[in-house]
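Model the full assembly from the supplied sequences, consistent with the hints where possible.
Chains as they are written, first to last, in the numbering used here: chain A, 91 to 418; chain B, 61 to 327; chain C, 8 to 267.
What the hints contain is simulated information worked out from the structure, not anything from laboratory work. Among the hints, a few may not be true.
[What the hints assert, rightly or not] Here are a few chain A residues that face chain B, going by a calculated C-beta distance under 10 Å:
#: 1; residue: Trp-195
#: 2; residue: Asp-197
#: 3; residue: Ser-203
#: 4; residue: Arg-212
#: 5; residue: Leu-348
#: 6; residue: Trp-349
#: 7; residue: Phe-395
[What the hints assert, rightly or not] To give an idea of the interface, some chain A residues facing chain B are shown, with a C-beta separation under 10 Å as derived from the structure:
#: 8; residue: Ile-158
#: 9; residue: Ala-181
#: 10; residue: Gln-190
#: 11; residue: Trp-196
#: 12; residue: Glu-202
#: 13; residue: Leu-207
#: 14; residue: His-258
#: 15; residue: Arg-259
Yeah, the Cβ is synthetic: ideal placement off N, Cα and C, and Gly gets one too.
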Amino acid sequence: MSERTQTRSPIIVADNLEKTFFRGRGRKAVQIPAVKPLSLTVEPGEFIGFLGPNGAGKSTTIKMLIGILEPSGGTVHVDGLIPAKHRVHLALRLGVVFGQRTQLWWDLPLLESYRLLKVMYRVNEADYRRQMETLVELLDLSSFWHTPVRQLSLGQRMRGELAAALLHRPKILVLDEPTIGLDVTAKSDVRRFLLRENRERRTTIVLTTHDMSDVEELCTRIVVINQGIKMFDGTVNHLEERTGALSALHVTFQTTPLWDAINLPGIEHLSSDDDRSVLLHYNRRQFTPPQILEQIREAGRIEDFRMEEPRLELIMRTLYEGDGRLGE
Amino acid sequence: MGILSGLRLYTAMARTTLQSRAIYRANFGLSLVFNSIMVTAELIVTLLLVHRVHGILGWNTAQVMLLFGMATTSGGTYRTFLSELSYFDKYLVNGEFDAVLTRPVPAWLAVAGRSVDPDQIGLVIEGMAIVAVSGTILGIFRLDAWLVIGELLAAVVSGTLIWMAMVTALAALGFWTTRVDTLQPMVLYGPQTAATFPLSVYPTDIRMLFYSIFPVAFGTYLPAMVILRKGPGAVMVLVSLFAAAAALALALRFWRFAVRHYTSTGT
Amino acid sequence: MVWWVIARAAFRKNLAYVLAHMANNAGSLLFGLIYMALWHVASREETLGPFHGRELVSYIAASQALLWISTFLPSGLGIDLQVRSGSVALEMARPVPYVPRMVAAGIGEAFYNLVFRSGPLIVAFTVMGVFPWGHVRSEEALGGDIAAVLLALWMGVLMQYLVGIAAFWTMESRWALRLFLGLNMFMSGQLLPLQLMPPRLQESLNWLPFQALVSLPASVWLGVATQDAWISAGIWAVGLYVIAVLITHRATRRLEVQGG
Ligand SMILES: Nc1ncnc2c1ncn2[C@@H]1O[C@H](COP(=O)(O)OP(=O)(O)OP(=O)(O)O)[C@@H](O)[C@H]1O
Ligand SMILES: [Mg+2]
Numbered sequence: 091m092s093e094r095t096q097t098r099s100p101i102i103v104a105d106n107l108e109k110t111f112f113r114g115r116g117r118k119a120v121q122i123p124a125v126k127p128l129s130l131t132v133e134p135g136e137f138i139g140f141l142g143p144n145g146a147g148k149s150t151t152i153k154m155l156i157g158i159l160e161p162s163g164g165t166v167h168v169d170g171l172i173p174a175k176h177r178v179h180l181a182l183r184l185g186v187v188f189g190q191r192t193q194l195w196w197d198l199p200l201l202e203s204y205r206l207l208k209v210m211y212r213v214n215e216a217d218y219r220r221q222m223e224t225l226v227e228l229l230d231l232s233s234f235w236h237t238p239v240r241q242l243s244l245g246q247r248m249r250g251e252l253a254a255a256l257l258h259r260p261k262i263l264v265l266d267e268p269t270i271g272l273d274v275t276a277k278s279d280v281r282r283f284l285l286r287e288n289r290e291r292r293t294t295i296v297l298t299t300h301d302m303s304d305v306e307e308l309c310t311r312i313v314v315i316n317q318g319i320k321m322f323d324g325t326v327n328h329l330e331e332r333t334g335a336l337s338a339l340h341v342t343f344q345t346t347p348l349w350d351a352i353n354l355p356g357i358e359h360l361s362s363d364d365d366r367s368v369l370l371h372y373n374r375r376q377f378t379p380p381q382i383l384e385q386i387r388e389a390g391r392i393e394d395f396r397m398e399e400p401r402l403e404l405i406m407r408t409l410y411e412g413d414g415r416l417g418e
Numbered sequence: 061m062g063i064l065s066g067l068r069l070y071t072a073m074a075r076t077t078l079q080s081r082a083i084y085r086a087n088f089g090l091s092l093v094f095n096s097i098m099v100t101a102e103l104i105v106t107l108l109l110v111h112r113v114h115g116i117l118g119w120n121t122a123q124v125m126l127l128f129g130m131a132t133t134s135g136g137t138y139r140t141f142l143s144e145l146s147y148f149d150k151y152l153v154n155g156e157f158d159a160v161l162t163r164p165v166p167a168w169l170a171v172a173g174r175s176v177d178p179d180q181i182g183l184v185i186e187g188m189a190i191v192a193v194s195g196t197i198l199g200i201f202r203l204d205a206w207l208v209i210g211e212l213l214a215a216v217v218s219g220t221l222i223w224m225a226m227v228t229a230l231a232a233l234g235f236w237t238t239r240v241d242t243l244q245p246m247v248l249y250g251p252q253t254a255a256t257f258p259l260s261v262y263p264t265d266i267r268m269l270f271y272s273i274f275p276v277a278f279g280t281y282l283p284a285m286v287i288l289r290k291g292p293g294a295v296m297v298l299v300s301l302f303a304a305a306a307a308l309a310l311a312l313r314f315w316r317f318a319v320r321h322y323t324s325t326g327t
Numbered sequence: 008m009v010w011w012v013i014a015r016a017a018f019r020k021n022l023a024y025v026l027a028h029m030a031n032n033a034g035s036l037l038f039g040l041i042y043m044a045l046w047h048v049a050s051r052e053e054t055l056g057p058f059h060g061r062e063l064v065s066y067i068a069a070s071q072a073l074l075w076i077s078t079f080l081p082s083g084l085g086i087d088l089q090v091r092s093g094s095v096a097l098e099m100a101r102p103v104p105y106v107p108r109m110v111a112a113g114i115g116e117a118f119y120n121l122v123f124r125s126g127p128l129i130v131a132f133t134v135m136g137v138f139p140w141g142h143v144r145s146e147e148a149l150g151g152d153i154a155a156v157l158l159a160l161w162m163g164v165l166m167q168y169l170v171g172i173a174a175f176w177t178m179e180s181r182w183a184l185r186l187f188l189g190l191n192m193f194m195s196g197q198l199l200p201l202q203l204m205p206p207r208l209q210e211s212l213n214w215l216p217f218q219a220l221v222s223l224p225a226s227v228w229l230g231v232a233t234q235d236a237w238i239s240a241g242i243w244a245v246g247l248y249v250i251a252v253l254i255t256h257r258a259t260r261r262l263e264v265q266g267g
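Quick look at the structure:
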């Protein structure tokens, strides 16, 4: 990473960024440190997955990046601007999607929303036409072009939101849970689109999600925060190296197994749905599945087994549930 | 942002807002009718009151009617342009303001762009009709009609600016109180009613409120005194205009300060 | 008792906002003071209608307190919002009948207002010495005083119900609220006592439901209520409920036609 910073200047630089909310008022006010001093540097063209359990402070950080919230401490620069101070100016270079909440005009068809956005973002007619054409085609908007937004399905709406966020060809795209509630095909449509936007146009993308397959398919880098603290920053492979390439194997025995025979060093016996099956976590670099099956044969006759996927989800689960320290 | 591009932006936003309201067009007529019922009811109550006690402190029924008409016109004008701002807390409670802040537009302008409400035009029309009728009864147009009309227009402008300043300041307070419920209408209801009567009616400390925190005096009472030649000279109309513009400028500063304290909502 | 539970829930829901409401009360107080000042000046020496001297100021004080339980209830009891969001079909399908359920919730809100909206105003007006306590003489009178307040509250809730249900036909009910507030301003006697209006007008307004919202209880407190006003209020208290049930019935049919 250090060699890259020398050649290009980073597009997002957060330095000890902090946000504390106050709940209640006066003497009874409770401080909620949503984001504790957090430092982060993002290079142009990166696709960052911003991960963490519910309430980790992801949305709060994002709101500080785009100028909605004023930080309580630290500094942040996005494309050289201070978001809360230069919000209007910065907004021209940003595309923002909040999956939880629409930014389109509820009672109007997409077309009308885009027309207004065109004026808001000062896009000229020719650029607007060209970009709209591309977006309509890529996101397949034409079939619900004239339908009021409130009558769109979630998947259609999300495609509409993406188009709205990209109309002005922003340098940076910020997405807070864009795939929430989408079905499998809608998700893969959105992913394909985002991937293209990132790889072909070199748009910097910051994404939060709870869907680990989003991350596996899209992100060049992940940042994990928990309780407002950054716990990890690097690639997926890098994370696996650190956490020990977790894998899981689900085994069902014909009869209740001998538990003693399963408690092997290096294999964590996590849970069992009923008294005949068991879920085993192990390090992929240490064992292969045949080795494990071999070892636990002692416990009883095996009826069935299957590999559990996706592995990133497992890593995250252990990360969130543990004390937050990675094996360093 | 330049004034011109600001205006262009505002027009585009207002157009979109009007379009999205158009689906409730059936209610437009109803709103016009019922707004005017409400104004008429208020007018009748006011006039009956003044009439019943044979004028108040030297103001006769027609003069109070003029005051009422002026207050209604400027009240209607501000509502036509900024109706939503009166219910601004709803943006803060459900986090809708987040969406406002993601746009490359000053927040106040963006909210204003969403706030045009054609339903309120009825108030303006009715207010002007009341001014015309009472003015004719009083014979104020007989001499120097153009001067008086100019003075009336100036009064409506200052009245509108004053109202805009007050709703803006109150909306800005919402950033701290968050759930203010119907704070705005309730808090504004008093000054609004107060403005339809000569301010000399009220005890001094209440009257002072209407020159300071709720400066409605500059929108109706003072200009009306000029128009009715009750003392102050025409310069008072200009003073009022200036005071109103200053009030709005102050309120906008407060608003900008408040926006930086926006805390959004958890999802 | 299910109605009690519903009403209590509606009451409690508001407790979180007591502080904000107190700020609001200041606005309401200001409004009251303005009208009181007006009547204070207007009624200097005269006896107007049945009111002597400062009694008109007391009337306005009572009226301001009463408005909060009869007029400034949640717009349309939130029914219009249910209609717009489409959740109304679900609400109507609940095992507890719709009309009494919404009315019970409305009553809960009204009682909240009685305590936290009217209450502080009454305290303020009492401190200023203008609240009409003088007429609460005997236990008998007290019974009437309370009954008139409860009637006002009941009818206020029903009126808001009707405002809300209008949304079934027009999707929103802001217009209905305006209509209600407009008529109410004039016909309830909140600012100008009905007793001071021309006799013919007074007579007809007496037979409309609006008079029970403010005029009746305020007059009862000042000891100037007529028997006709009581009878009219009694009839409307039952009548409005019947109307609410009938209209809801029609509205439900609309719902079915639209397919929820
Ligand atoms: N506007 C707010 N006011 C007060 N507290 C807030 C606000 N927004 C968030 N919080 C609190 O700050 C913490 C972080 O919230 P945040 O929304 O950033 O989490 P998140 O990582 O986005 O979670 P999720 O995955 O559930 O969306 C939580 O404890 C939340 O309750
Ligand atoms: Mg979030």
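Status of the hints after comparison with the structure:
1. Annotation: interface hint on Trp-195 of chain A holds; nearest CB of chain B at approximately 5 Å, less than 10 Å.
2. Evaluation of the Asp-197 of chain A hint against chain B yields a held restraint, the C-beta minimum of about 4 Å falling below 10 Å.
3. Against a cut-off of 10 Å between C-beta atoms, the interface hint on Ser-203 of chain A holds, since the closest Cβ of chain B lies about 8 Å away.
4. The interface hint given for Arg-212 of chain A is met, as the beta carbon of that residue sits about 8 Å from the closest beta carbon of chain B, less than 10 Å.
5. Annotation: Leu-348 of chain A was flagged as interfacial toward chain B, and the flag is violated, the nearest CB pair being 47 Å apart, outside 10 Å.
6. Annotation: interface hint on Trp-349 of chain A violated; nearest CB of chain B at approximately 42 Å, more than 10 Å.
7. Checking Phe-395 of chain A against chain B: minimum C-beta separation of about 39 Å lies over 10 Å; hint violated.
8. For Ile-158 of chain A, the interface hint holds, since its Cβ comes within 10 Å of a Cβ in chain B; the closest pair sits about 5 Å apart.
9. With a cut of 10 Å, the hint placing Ala-181 of chain A at the interface with chain B holds, because the nearest CB-to-CB distance is about 4 Å.
10. The restraint placing Gln-190 of chain A at the interface with chain B holds, with a minimum CB-CB distance near 5 Å, inside the 10 Å limit.
11. Given hint, Trp-196 of chain A at the interface with chain B, holds; its Cβ is 7 Å from that chain's nearest Cβ, closer than 10 Å.
12. Interface restraint check: Glu-202 of chain A against chain B, minimum CB-CB distance 6 Å, threshold 10 Å, status holds.
13. The interface hint given for Leu-207 of chain A holds, since its Cβ lies 8 Å from the closest Cβ of chain B, which is under the 10 Å cut-off.
14. Residue-level restraint check for His-258 of chain A holds (minimum Cβ-Cβ distance to chain B is 8 Å; threshold 10 Å).
15. The beta carbon of Arg-259 of chain A is not positioned within 10 Å of any beta carbon in chain B (closest approach about 13 Å), and the interface hint is therefore violated.
Of the hints listed earlier, those the structure fails to meet are numbers 5, 6, 7 and 15, in rising order.
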